[in-house]
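Given only the sequences and the hints, what does the whole structure look like? Please build it.
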Amino acid sequence: MMTNRRATLIFIFLFIIPYIAAQLMIGIAYNALVWHSDSLWRTLVGSFVGAVILYFAKIPLEHPLRILGKYTTVQFIHYSVRFFMLQSAKWWKQALNFVIDFAIAIASTYLLREIFPGAAGKSILMGTPMGWTIALLFISLCIGAYIDFDALSVIPNTTDIEND
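The numbering used here puts the first residue of the sequence shown at 211, with every later residue one more than the last.
Simulated from the structure, these hints should not be mistaken for laboratory data. Hints are supplied without guarantee of correctness; some may be wrong.
[Unchecked claim] What follows is a set of in silico ranges between Cβ atoms, one per label pair, in the way DEER data are often shown:
| no. | residue 1 | residue 2 | range |
| --- | --- | --- | --- |
| 1 | A345 | L243 | 31 to 41 Å |
| 2 | L254 | I353 | 27 to 37 Å |
| 3 | R292 | A313 | 32 to 42 Å |
| 4 | A313 | A345 | 25 to 35 Å |
| 5 | I325 | V255 | 34 to 44 Å |
| 6 | A317 | R292 | 20 to 30 Å |
| 7 | L321 | I222 | 19 to 29 Å |
| 8 | F258 | F293 | 17 to 27 Å |
[Unchecked claim] Under the rule of at most 25 Å between Cα atoms (straight-line distance), these lysine-lysine pairs were calculated in the BS3-like manner:
| no. | residue 1 | residue 2 |
| --- | --- | --- |
| 9 | K280 | K303 |
| 10 | K300 | K280 |
| 11 | K268 | K300 |
| 12 | K268 | K280 |
| 13 | K303 | K268 |
Keep in mind that this is a model prediction, so the values were computed, not measured. Glycine included, each C-beta is placed from N, C-alpha and C at the ideal position.
Below you can see the structure in the form of structure tokens.
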């Protein structure tokens, strides 16, 4: 059984921070690439594309999150993990996940547009924020995997196997 503190740290580094970073990447990419990014129609299309990409990016994370949900007693983590399991989920759960991702992607594009307004903001967004966000994502995943790789690994533990 994994301690609640360790489970919480793994959940933060393997899911919460990468999810926020992915939403920021959607907003940064959209605002940096689309010339008239303040158009509602273009925002909806960009957010839709970002939500589709995020939906398919969640599927490879299901196995470690499923293991984490199985070994934790923290109810929030357990229910969050169950909510974001999409591979064999019912259609309404998949649709609700997509709608949530879509809404957060819209919020991300608007938030970044407000923080970095105009042409000067667009030139800033085309620069380093994407690199820092990718670095944050990579470092967070590395820390999360390092905290408890053995418990979340898909590779079987070979220390119990004896050679004859």
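* Is it true that the C-beta distance of A313 to A345 lies inside 25 to 35 Å, as the hint says? -> 26 Å Cβ-Cβ, so the 25 to 35 Å window holds.
* Asked: Are L254 and I353 spaced within 27 to 37 Å by their CB atoms?
  -> 35 Å, holds
* To do: Given the range 32 to 42 Å, decide if the beta-carbon distance of R292 to A313 lies inside it.
  => Since the Cβ atoms of R292 and A313 sit about 20 Å apart, the hinted range of 32 to 42 Å is violated.
* **Holds or violated: K268 to K280, with C-alpha atoms at most 25 Å apart** => 18 Å, holds
* Asked: Quick one: are A345 and L243 within 31 to 41 Å, going by C-beta?
  -> With Cβ atoms ~20 Å apart, the hint is violated.
* Asked: Hey, K280 versus K303, does the alpha-carbon distance stay inside 25 Å?
  -> 20 Å, holds
* Has the given pair, K268 with K300, been kept, meaning a C-alpha gap of at most 25 Å? -> 16 Å, holds
* Asked: Going straight from one Cα to the other, do K300 and K280 come out at no more than 25 Å?
  -> Holds - the C-alpha atoms of K280 and K300 are around 20 Å apart, at most 25 Å.
* Pairwise hint evaluation, K268 against K303, where the allowed Cα distance is 25 Å at most -> Since the Cα atoms of K303 and K268 sit roughly 14 Å apart, the hinted pair holds (cutoff 25 Å).
* Look at the Cβ atoms of I325 and V255 and judge whether their distance stays inside 34 to 44 Å. => 21 Å, violated
* **Outcome for the supplied range 19 to 29 Å, where the beta carbon pair is L321 and I222** => 21 Å, holds
* **Outcome for the supplied range 20 to 30 Å, where the beta carbon pair is A317 and R292** => 24 Å, holds
The earlier numbered hints that this structure contradicts are 1, 3, 5.
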